[in-house]
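Visitor: Residues per chain are reported as follows:
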Amino acid sequence: QSALTQPPSASGSPGQSVTISCTGTSSDVGGYNYVSWYQQHPGEAPKLLIYEVSKRPSGVPDRFSGSKSGNTASLTVSGLQAEDETDYYCSSYAGSNSPYVFGTGTKVTVL
Amino acid sequence: EVQLLESGGGLVQPGGSLRLSCAASGFTFSNYAMSWVRQAPGKGLDWVSSISAGGRRSTYYADSVKGRFIISTDNSENTLYLQMNNLRAEDTAVYYCAIPQVAGKGRLDYWGQGTLVTVSS
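Protein sequences appear in the order of chains A and B. Throughout, the working numbering is defined as the position within the first sequence, counted from one, plus 2. Throughout, the working numbering is defined as the position within the second sequence, counted from one, plus 4.
Rather than coming from a laboratory, the hints here were simulated on the basis of the structure. Hints may contain errors.
[What the hints assert, rightly or not] Lysine-lysine pairs mimicking PhoX-like chemistry, simulated, CA-CA at most 20 Å apart:
1) B:Lys47 x A:Lys109
2) B:Lys70 x A:Lys49
3) A:Lys57 x A:Lys70
4) A:Lys49 x B:Lys47
5) A:Lys57 x B:Lys109
6) B:Lys109 x A:Lys70
7) A:Lys109 x A:Lys49
[As the list claims (entries may be wrong)] Sample of chain B residues facing chain A (criterion: CB under 10 Å; computed from the structure):
8) Ser56
9) Asp67
10) Tyr85
11) Val106
12) Gln117
[Unchecked claim] Derived contacts from chain B toward chain A, CB cut-off under 7 Å, selection only:
13) Gly48
14) Ile74
15) Gly110
16) Arg111
We put the beta carbon where it would ideally sit given N, CA and C, even for glycine.
Make a model of the complete structure from these sequences and hints.
Guide: Shown next, in the form of structure tokens:
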């Protein structure tokens, strides 16, 4: 199972929005509504931001939102804040033999 | 509170073996599927292996580790293991154990702090 494709970098000014894409295939992103997004600060474990395409775990601000169209999922961070500057990874379920296929990762910079 | 604490990482020569442990607490261990995810230095996340919930757990492996790594659990000790054999330089990474919410699919809600495995001569 190949990694999902994310842009290496994205950026925005404080208060603006940034959207990160995550492109897979009909065998993963397009075939299941089990896309997740993770935020990872340097030296820390990943943190779940979004699950099942667009749902937020308790405690995650509503500035973070997810969507999907066909084989591409997206994460939008609205009202960018300095603490949002870090790495983001998508993940998709691709069947019981490949329960987690991760994206290549995107570094978000707050200008 | 869910806690996952990995241990067992270290420096090992190519071809060697290592066993990682993940001590779990704060939840009913046997009710949860559990996974290992690794991250090579400066690289992205990479799923390694998963084990299903229940008494008779099914196991799943990434192609890159199939035949070399074995995932298992000790339900009496609330501990997840990863036996890593025939290690290669490309296995060098921080190894995280992680779990979803009960019956959650495609999501990893809780993560340990990770343990570093370095494969080098």
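Visitor: Confirm or reject each hint.
Guide: Hint check:
no.	hint	verdict
1	B:Lys47 x A:Lys109	holds (12 Å)
2	B:Lys70 x A:Lys49	violated (27 Å)
3	A:Lys57 x A:Lys70	holds (12 Å)
4	A:Lys49 x B:Lys47	holds (17 Å)
5	A:Lys57 x B:Lys109	holds (13 Å)
6	B:Lys109 x A:Lys70	holds (17 Å)
7	A:Lys109 x A:Lys49	holds (15 Å)
8	Ser56	holds (8 Å)
9	Asp67	holds (8 Å)
10	Tyr85	violated (18 Å)
11	Val106	violated (13 Å)
12	Gln117	holds (6 Å)
13	Gly48	holds (4 Å)
14	Ile74	violated (16 Å)
15	Gly110	holds (3 Å)
16	Arg111	holds (4 Å)
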